[in-house]
Amino acid sequence: MADVIGQTAWFGWEGASSIAIGWGGQPGEILALLAGTAFVAGLSRGFSGFGAALIFIPVASAAVGPLLAAPILMVIDWFGSLPILPWAWRHAERGTSLVLALGALLGVPVGLLVLTGVDPVALRWGISLTIFGLVALLASGWRYTGRPHLAVTVVVGSVSGFLNGAAQIGGPPVVAYLLGRAAASAQDLRANIVLYFAYAGIWSAAVFFIAGLLSLQVVMLAVLITPSYVVGTILGMRMFGLASQQTFRRICYALITVAAFAGLPVFR
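Residue numbers are given in my numbering: position 28 of the sequence shown equals residue 16, and the series is strictly consecutive.
Note that these hints are calculated values from the structure, not bench results.
Just so it is clear, CB atoms sit at the ideal spot from N, CA and C, and this is done for glycine as well.
Certain hints may be false.
Unchecked claim - The following label-pair restraints were derived from C-beta to C-beta distances:
#  : residue 1 : residue 2 : range
1  : Pro74     : His137    : 29 to 39 Å
2  : Phe197    : Glu17     : 43 to 53 Å
3  : Arg238    : Trp75     : 41 to 51 Å
4  : Val98     : Gln234    : 29 to 39 Å
5  : Leu138    : Gly24     : 37 to 47 Å
6  : Leu86     : Gly16     : 35 to 45 Å
7  : Leu204    : Arg131    : 37 to 47 Å
8  : Leu138    : Ile222    : 29 to 39 Å
9  : Asp176    : Ser203    : 32 to 42 Å
10 : Asp176    : Ala127    : 14 to 24 Å
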C-alpha cells in the first residue's frame, strides 16, 4: 500500500511532493487522510447527490497536489456512483441530464488547460476561494427561476464542465440551476445530479486520459481509496429520509467550508 502511494503521489510531478511534505509526507498518513476524506465526501454524495468534490478536492490537493487530486476523485466517484446509478436512471429527467452533459463537453477541455497550466499553489488558492463562493451561492438559497431553455442548460453544463476540468468541482452550478425547477422534488434533483455526473464523467475520463493525467498510478491509488468512498456513499443513501434536507445540507456546507480552509496553501 505504501509502495503504491509512493509511486503515485509523487509520480512525475514535483509539486505534489512539496505539498505532501506539509502534511507529514508519510505515504500511510497521506493514504489515511485521503481515505477518511473520501468517506466523508461519500456521505455527502450519497445523501444529496453532490458535495463530494467540494469536500475531497481541497484536502486532497493539499496532500498530493491538484494535478493528482482531480483525476483521483474522478475515478473514485465513478465507482461510488455505481450503487445509486440504477436508482438515478429510474427517477432522473434523462434529457435534461444529457443536455447538461453535452454542455460539459465544451467546458471540460478548457478547465483542464487551467489544471495543467497554472502553478499548483496558485491553483490551490483558486480552488479554495472558488469553493467558498460556491458554498455561499448554495447556502444563499439563490436559484435560477427562468425558463429552462436549451441554450441556458448548455451554458450551465459548460460552466460545470469547466469547473470539473479544472478541479472536479462542477456540482454547484448544476444544483443552483436544477433547484429552480419548481416541480422537481428533492428526489428528482438528486437523481438528475447523479445521472449528469455519470454522463459527464465519461467525457472527463476521456479528456484526462488523452492529457496523460489518468495514469495507471492514479488508478491504483484511487482503487485503494474507493472502498471508503463507496461505504460513505451507501451510508449517505440510507440516511436519505432520516434527516431533513435542510439539516443535512447545513452539515455539508460546514464540512465543505472546513475542507476549503484546510486546502488553503497557508496550512501546507
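Hint-by-hint comparison with the structure:
1. For the hinted restraint 29 to 39 Å between Pro74 and His137, the CB-CB distance of approximately 30 Å keeps it satisfied.
2. Our hint of 43 to 53 Å for Phe197 and Glu17 is violated, since their Cβ atoms are close to 29 Å apart.
3. A beta carbon spacing of about 24 Å between Arg238 and Trp75 contradicts the range 41 to 51 Å that was offered as a hint.
4. In this structure the supplied range 29 to 39 Å holds for Val98 paired with Gln234, their Cβ-Cβ distance being about 35 Å.
5. A hinted range of 37 to 47 Å for the beta carbons of Leu138 and Gly24 is consistent with their spacing of about 42 Å.
6. In this structure, Leu86 and Gly16 meet the distance hint of 35 to 45 Å, their C-beta atoms being roughly 42 Å apart.
7. Between Leu204 and Arg131 the CB atoms are about 42 Å apart, so this pair conforms to the stated range of 37 to 47 Å.
8. The hinted range of 29 to 39 Å is satisfied by Leu138 and Ile222, whose Cβ atoms lie roughly 35 Å apart.
9. The given range of 32 to 42 Å is respected by Asp176 and Ser203, whose C-beta atoms sit roughly 37 Å from each other.
10. Separated by about 21 Å at the C-beta atoms, Asp176 and Ala127 satisfy the suggested range of 14 to 24 Å.
The earlier numbered hints that this structure contradicts are 2 and 3.
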